[in-house]
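Protein sequences, first through last, are from chains A and B. Once you know that position 169 of the first sequence is 169 in this note's numbering, the rest is easy, because the numbers rise by one and skip nothing. Once you know that position 280 of the second sequence is 280 in this note's numbering, the rest is easy, because the numbers rise by one and skip nothing.
Since the hints were derived computationally from the structure, they do not count as laboratory data. Treat the hints with caution; some may be incorrect.
[Said to hold, decoys possible] Chain B residues, not near chain A, derived (Cβ > 12 Å throughout):
#1 Q96
#2 S115
#3 L195
[What the hints assert, rightly or not] Listed next, the stretches of chain A that the computed footprint assigns to chain B, with coverage defined by at least 3 CB atoms under 8 Å from CB atoms of chain B:
#4 147-157
#5 180-189
#6 215-222
#7 231-241
#8 244-250
Cβ atoms here follow ideal geometry from the backbone N, Cα and C, with glycine treated the same way.
Number of protein chains: 2
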Amino acid sequence: MQSDGAQGVTLPSTVGLVGLGLIGGSLGLDLQALGCRTKGVTHRQVTADRALERGLVQEVSTDPQSLADCDLVILALPLERLLDPDPALVRALPEQAVVTDVGSVKGAVLSTWRSLHPRFVASHPMAGTAEAGVEAGVRDLFRGRPWVATPEASTDPTALAMVEAIAAALGSRWLLAEAGRHDQAVALISHVPVLVSAALLQAVASERDPAVLDLARQLASSGFADTTRVGGGNPQLGTAMAARNTAAVLRGLAAYRWSLEQLEEAILEENWGQLESVLTHSQQLRPDFL
Amino acid sequence: MQSDGAQGVTLPSTVGLVGLGLIGGSLGLDLQALGCRTKGVTHRQVTADRALERGLVQEVSTDPQSLADCDLVILALPLERLLDPDPALVRALPEQAVVTDVGSVKGAVLSTWRSLHPRFVASHPMAGTAEAGVEAGVRDLFRGRPWVATPEASTDPTALAMVEAIAAALGSRWLLAEAGRHDQAVALISHVPVLVSAALLQAVASERDPAVLDLARQLASSGFADTTRVGGGNPQLGTAMAARNTAAVLRGLAAYRWSLEQLEEAILEENWGQLESVLTHSQQLRPDFL
């Protein structure tokens, strides 16, 4: 183990990265720069070869048994694979290692993983680009971005400290939250916006007068483009978020529906003072989220 | 009158600009570059002075009678002032001049103006920045942007041709539409998105658990910022759009509510295939509006 001078906490000597897409590949690049030995595990040999070519990790294998000497294993897998893990991977995880994940829904991850490994830490580095796959990894993806961990009473505190040391060394903002609260917060700021935004595209496309629809296409500008950006994103990802964070998403949608009804009611009642007051409040609220 | 070589249509020699904010000021700058004589009319002397200092127009006055020798008068006023025009302005508009407006709702504008001037042309140059007021005018604001006119059977065709010549000379994309269809299209791509986006800010802010709300604030990133941008905009403008385009906005909101319900229903029924299919459709739709 090496000492991380800034934090006085040790960084792991050898880090295993399961999955070398955007998150796993970016972690590999940054961890090497921090002096860690990095070992990648990928499903397919062609990904393994390309990851080595790109220098995402120093060693790579398609066999999870290669993780045997890791101090830390980061499961940088898509949510669905994280929630239905390959039994060979679970068996191969060294018992003494710290194991963490990068999934965007923490309740479901803990339900699956708290019984699968004694030193599991549920965590969520919140960084992304529009890219995915073995070509996507970049340096400094996590700098200045939040990294949330959602420890439980049973979480090993020394394991948690190791994940925090990694997050700090990568320049992330470290946050602790209860898993349910994390899931509700990300439902509000990420999962519900995808649905709100997708519904807008659906509503416009459902216009029955072809002349109006054609005009809408020609007149749409940056405001429409911004409002629909997340709704026009990866459909598999949007579906996985709703499927794995269902209760929080439905709660968020209910709050959203109520808010929209208030606006619609003000318009129906031609209560323009009320509408302007809500829009003024919205204008004041937004800077808190930037 | 000068000849516009590209179109073979005459541009007006003298253009009156009533209002020298973003739209009026930008028109003044571009029209001078095209060789037109420009005369501004503003409500306040201090705005008139500043407009001259900035060179937005060549002459400026607070008296609408100064418009007497204009070939074209462009009413670049906020929607509310356009729909409740100063009687002194209406009286001062020369009968032989072409009169047009820049309002973003055309049905209400025509209701007011079709009886106020024989050569009125309802039009809507769709360009904007976040700026407003006498400091906002910039060159080339309209280049490449749509400029929609909504003529009626009673619209003077030579008046319409003059507005088209101006739009073409400024580099705009000229479009003709029936006023009701224009209003429905802008409701869908501009007015409804403001409400959809504002409701998201309201929904998040209505979260009752302060720890979740605080986390939402800390975790919100570019996706949330984009989805809420138009909802956090000018509240007076958002209110005026709803107040002056009420029927189209309510129709658009009804379509939106239905679309959102479809998504919510798929989640409630855990019909993930259906949800993914709608999100895939949304992803395919979006490029048509960019």
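| query | Beyond 12 Å from every Cβ of chain A: is that where the Cβ of L195/B lies? | reply | Given that some Cβ of chain A is not farther than 12 Å from that of L195/B, nearest at about 5 Å, it is violated.
| Annotated coverage of the segment 244-250 of chain A by chain B, confirmed only when three residues or more have a Cβ within 8 Å | Result for this restraint: holds, n = 3.
| request: Classify the label on S115/B as holds or violated, using whether its beta-carbon is more than 12 Å from each beta-carbon of chain A. | output: holds (24 Å)
| query | For Q96/B, is the shortest beta carbon distance to chain A beyond 12 Å? | reply | holds (32 Å)
| query | Are there three or more residues in the segment 215-222 of chain A whose C-beta lies closer than 8 Å to some C-beta of chain B? | reply | Holds: 7 residues of the segment 215-222 of chain A have a Cβ under 8 Å from chain B.
| said: Taking beta carbons only, do three or more residues of the segment 231-241 of chain A come closer than 8 Å to chain B? | reply: With 8 residues close enough to chain B, the hint holds.
| message | Between the segment 180-189 of chain A and chain B, are there enough contacts, at least three residues with CB-CB distance under 8 Å, for the coverage claim to hold? | response | holds (count 7)
| field | Coverage claim, chain B over the segment 147-157 of chain A, checked by counting residues with Cβ within 8 Å (three needed) | value | Result for this restraint: violated, n = 1.
Checked against the numbered hints given earlier, the structure breaks hints 3 and 4 and satisfies all the rest.
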